[in-house]
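Join the two chains into one complex using the hints; note that each chain is given alone, in its own frame.
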Amino acid sequence: MTTTVRAPLLIQGLHKSFGPLEVLRGIDLEVAEHEVVCLIGASGSGKSTLLRCINLIESIDAGRIVVEGEEITADGVDVDRIRRRIGIVFQAFNLFPHMSVLENVTLAPRRVLRTGREKAEEQATALLDQFGLADKRLDYPDRLSGGQQQRVAIVRALAMKPDLLLLDEVTSALDPELIAEVLNVIRKLAAEGMTMVIATHEMGFARDIANRIVFLDEGQILEEGPPDRIFREPREARTREFLQRIIEAGRL
Amino acid sequence: MSGGTPGHSGSVPPPRATRRPGLRVGGSGRRALTIAVVSTVVVFGVLAWLVVNAPGWEQVRRSFLDGENFVRSAPGIIARFGVNVRLFLIAEVLILVLGLVLAVLRGLSGPVFYPIRLLATVWVDLFRALPGVLVIYVLGFGIPGLRLPGVPNDPFFWGVVALTLVYSSYVSEVYRAGIDSVHPSQAAAARSLGMSQAQALRFVVLPQAVRRVIPPLLNDFIGLQKDTVLVSFIGVVEIFRQSQIRQSASFNFTPYLVTALVFLVVTIPMARITDWLVARERDRTYATAIGAAGANARRGRLWSGF
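Protein chains in written order, with the numbering used here: chain A, 1 to 252; chain B, 1 to 306.
Here chain B stands alone, though its shape is the one from the complex (with noise of 0.2 Å):
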């Protein structure tokens, strides 16, 4: 902040409204906020009247949007969507670990961590390369088959195991990213201070790096949030299953609105307050990178607008 208009320096504060320019375009700020609801208006009940009076409108509303059968279905899947939480909460500790150590593994230099790091590639390659649904079918149903002594047949246990496998593939990739993101010269002054490898990657290295792909690894845990549906394919009854059953049992989609909606209303203000907690780490480090999320992340704010 460079405190206003170059001709005002000293303690007196230049007027509004030449510090803030931007309102004064096209007539005054009210003026600008009239057109822009009025606009608004128009545009979105044009749209909602054109939806409204389409052919079929109807029908899609008595099987999507019917009220009664959403208030009927909706406690009992929302209790169901307990069970996604749990999947998703342990899984994704699991994968945050898992995922770091594998990217770490990957980066080991040195001959003698040849097979370590070989074991580490064909790990990420496979679990990126399977689709998801295969490896929970294969995990779920297959190991459970094998009926091994001590081997547990739980499939919300399965779930959560194949998931971590491939959870932990796509994040080990993030990770990786990020350490290779932090210039060598940070562990060269790291080593140079007498440092060893380990301590100059834990206290200098991954610090940096996992600060910088937060963002990323949000947008992972988002798709395991997602993902966690998956499993009610071998048995666990959890959100996406418990809507499947009440729309079986009425013929209605309305439960799947339900689960929709749950679905949005825990990511969106997730993104939201990852993206003030990475703004406002950035503004504690560093003095140049004050953006608009910044400035907000300083007056608290968690929702920076459109």
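Bound-form chain A, shown alone (with noise of 0.2 Å):
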């Protein structure tokens, strides 16, 4: 028990509606250490409500949300401290356009963390250096390509040194020869052990990278497991459909 306990994520019977419609429909998902989980299912299937949930941004209406034995989603939780824990990145980048790209990423650490500035600025710039933006520093984000200001987003998140990250769509907004960047981003932190629940399209990419597949269908968990597994012998009709449908789309 104490694994579960410890668990970087447990969702327990998680329900979610905006309005009359009902986006996720009793959802339970663990998530071990170092673990890389993929959310996959077609568009208004609940991946991106999953994670906003997850990092507070939504509330939720039935269930608990339990981060490394700390239960999130109870009443009078400190919601800025959960969200330092857990690093999100949006499909649409979502960075701070009046600032400059080493100013985007110090900002939390020196505001939320407190990090004295000359310390704020060299950790941020060896992270960008480490994904390839140092150039890039003194830029602004709209200077940038989308593949750039992607990666940059996602040091924005690291910086805060998140015990666990969330890519919402990340590729989503890119152009095709844009997404390859970000991609091996992602692969690099699965390389380095950092536990992430991806949301995506890329099927290809989330076979490569995930631990485990989750397909999501009309706010439920229809089917989860190996890569393996679920590309080559789904259980699920639905599943099998949504596949076919990527292979058609030329998407996998």
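Treat the hints as calculated values from the structure; they're not laboratory data. It is possible that part of the hints are untrue.
If you want a taste of the chain B side facing chain A, the calculated C-beta under 7 Å gives, among others [to be verified]: (1) 28; (2) 156; (3) 189; (4) 193; (5) 195; (6) 199; (7) 207; (8) 285.
Chain A stretches covered by chain B per the calculated footprint, using a threshold of three residues with CB under 8 Å from any CB of chain B [as the list claims (entries may be wrong)]: (9) 95-101; (10) 153-161; (11) 209-216.
Remember, it's a predicted structure, so these values are computed and weren't measured experimentally. Using N, Cα and C, we set each Cβ at its ideal position, and we do this for glycine too.
Next comes the structure, spelled out in structure tokens:
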């Protein structure tokens, strides 16, 4: 039981509605340390909403989310403290346009963790360097390509040293030739042992990188398992249908 | 800048003529310039001739454009403009701070803050609805008339207070529009990094909001500069009162011309400087928004022409 309690992420019976529309209908999911879980499923299946609930951007209607033994969905929990441990990267980057790359990356460490300016800049520069962005540190986001912007957004999340990183369709807004550079960054993070939950439409990438694939359908986890099994012999008809459509679209 | 015509890639610059086709339309650039100059001179010459030869022009000239009166009254009037400058500088600082506070208070979410939201809303509704002159009169004459101990009765003081109350309500609405124009995903990104609501507002939302509303803020600042003359009604001798005094002493309206010129001279360059600052900022931040103003800002030019 102890491993379950200390898991980076444990979700039980999660329900979420937007008005009359029930987007998540009883999600149970556990993510182990260093595990990479890929959420796949059609648009509207609830992948993004699930990630936003884990980061407490959305409130939940029922169920609970436990991070390293602490129930983060309990009443009176300090939301800001939880979010420091859970990084999220969005489809639309959401970089701060009025700040340089370096300021984007150092803002939260300086204001939230109270890291000194020099130290924060040193750490940010080292991170940017690791991801091939050292020469962009003084540029403004609008001057960067989409792929570079998304890499900056990932670095910005990493600068908070999160225990868990959530990636919400981070390549969906990118031109095809820019997707690879972002996926390579994520591969590198996986190799370094970052625990991640990734919502993605890049099936080839999911198959490569994931320890486990979770197929979401209409707000429920229909099927989950290792990538080899899910992609080669899906048990559920809906999973087969979904993968068939993906193959027809040439995305696998 | 995509470096000239499509055929010219590489290091050889394209000939000047093909790069600037606009000037070649309708003959040489020199000829177009000549035509523009001649037509402008003719049109304005005819207009001036019509005005000068209109019946009554002589009276107008004597009453409004008396050179001797101008020279005599200008120094005193211009000196009094210092009072207006002090009024609008002090008031503007207070207005910018108070307007921002009101806008932020109105944006507070949560039922606890309801009374504060309500108070801020009532404040803005009230002072935006009341005529400025009325507020100035009530405060400038009414409050000193109460003879309350410790309450100042200096009309300059009450002028600043009245202008601050009226203009902070306008300015808070400008700020609020700016805050609303920043996409919620920006605040969400800040919050997702563990920043508090106040930090997200202070470091992410407000800096973007304020940059966007600088032109309308300037608009209100110009309005404020002009409305400082209303304070003359409660006994402050500033530029407008001074020109009134000169006018009634000479039965000539030329002193008002002096005042009008002073306001023009102050306001128009300020508008140009603000345009330039905004363009420079935009140019620095956004790769795609390089318009004529941005190009001029990069060259360090203040005047972007017509």
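Against the structure, the hints come out as follows:
no. : hint    : in the structure
1   : 28      : violated, 39 Å
2   : 156     : violated, 38 Å
3   : 189     : holds, 4 Å
4   : 193     : holds, 4 Å
5   : 195     : holds, 6 Å
6   : 199     : holds, 5 Å
7   : 207     : holds, 5 Å
8   : 285     : holds, 5 Å
9   : 95-101  : holds (count 4)
10  : 153-161 : holds (count 3)
11  : 209-216 : violated (count 0)
The earlier numbered hints that this structure contradicts are 1, 2, 11.
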